[in-house]
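Trainee: Sequence order for the protein chains is A and B. Using the working numbering, you'd call the opening residue of the first sequence number 1 and step up by one each time. Using the working numbering, you'd call the opening residue of the second sequence number 1 and step up by one each time.
Since the hints were made in silico from the structure, they are not lab data. Computed from a predicted structure; not experimentally measured. From the three backbone atoms N, C-alpha and C, an ideal C-beta is built for every residue, glycine too. The hints are all genuine.
Derived contacts from chain A toward chain B, CB cut-off under 10 Å, selection only:
#1 GLU23
#2 TYR61
#3 ARG63
#4 ALA69
#5 TYR70
#6 TYR71
#7 ALA114
#8 GLY119
#9 ALA149
#10 ASP153
Listed below are the residues making up each chain.
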Amino acid sequence: MKAVLGFLLATSLAACAIPGPREPERYFILDAGIAAPRSGAPVVATPTTAASFYDTQDIAYSRAPGTRAYYRFNRWTERPQRSIHGQLAARLGGGPAKGGLRLDTNLDEIYHDAPEQPGTSRIAITAELVDPDSRTVLARRTFSRSAPAASYDAPGAVQGFNRALAALIGDIEAWVAVEARPKPR
Amino acid sequence: MEPEAKYTLVGAAALLLVALLAAALVWLKSSGEGRDAHRFKIYFEKHSLEGLEPRSYVTMQGMKVGSVTGFRFSTSRKGAVEVFVSLDPGTPVRQTTTATTERHLVTGLATVRLANGSEDSPLLTATPEGEPYPVIKEGGSPMQQMSDTVSQLAQHTGETMRQITATLTPANIAAFTEILDNLRNVSRRADAMVTKADATFTSLGGAAEEVRALASAVKADADTLTKTYATLGTDATASIGEIREAVRKVSADVDRLSKRADALLASGDEGLRDTARAVRSAAEALGTAAGRLRDPREVIYGPPEGGLGPGEKTR
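All chains should be modelled from the sequences, with the hints used to inform the complete structure.
Mentor: This is the structure we're talking about:
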């Protein structure tokens, strides 16, 4: 009888160990809301590169300084640098650089800084303005922007990313307009 | 109040459980080890036996035909493992029958798979001298198959770049379609990309001399990849983990290659840029597919509680 009871108990415990339903995966679009080209600068934006940790569809976050991790059930619809390049090209114009300058960009960081609620969405991009004819770097600058996350989760962080990216693209556009202007001799 | 004991129900449940236990014991006892079972021996030298256990299934044409009764390191053949199997009496083990191992992707449990080379071959009944049972030959390494796919992939990448160098003759359409097919087979995510690539080919024009030189540099990378992965087949003891690692490396290398193509062709013809983007997209799909294989346990159990992001729950 004890054996039977033991068997029943073991069966019940085993049933408890079966995992329950999991949170569904969600995919977010990184969208700064760029509507139409504004800049008249003769600049072509080359595809944005990314630091290897952020070169993924996973959304990154940080709970402590100096650490990073990925959300497990929340992802980008495409790698963030591709969205960023698309929106930079839309703002600056992505046509051929015949006689124009080239804008190289690298995504240094994009993560939800979340040591406390609701956290901050941070983006950093390094931009280089290159003269393709002389192959010289005319100007280089790192742009950082942050925006408070709307809530302490991925959807809230994405809202923050979108606002921060809009501001950051505006910064790059203004910088390009100044740097691409012909310099007085 | 005195509890009302349902003795009939309790008794029936107990009897049912005892009957189930007895049936389980009989089943375990009889699984491939009956009196009439035929025993064979296999020397495994090329295959990894990771996940193989006593009582692991032996299958033929997808059916369970027996089980593994034991294994040990061979004293007569260096580097080999002797695996003993017990098969159902009606199993047609022929002289051309070969044995390979297969591993379940999620559980990691291995089975021994038997395949007949020719159905006309005589049955294997002879026991070699010095052996206790007839010996079934070992089949080809699964790594060889993987290597073929991978090297084919790399070769086609090189071929595609060669065709770009040749200023986009119509022949490159076939080559590029082939590489996309290969990537699709591995990643299963390239349908949209194929459509995009097909549309791209209609707009491809001439390429500048500069672009030819750049494409030539990319071709050199692709050739290096081909040489690297052609050697994978020489590794005869690769486990499923090593195969996954190989996929990951391929993914990373193809990704690097396609990124370079993307950057190099950025100032070239718009059609070429689209082509490079298509290669890149394929590489990313491959990388994503490989990434999902990193830890099969998470497929079942989900991530550990401490590994969840803000606001995430396993429920």
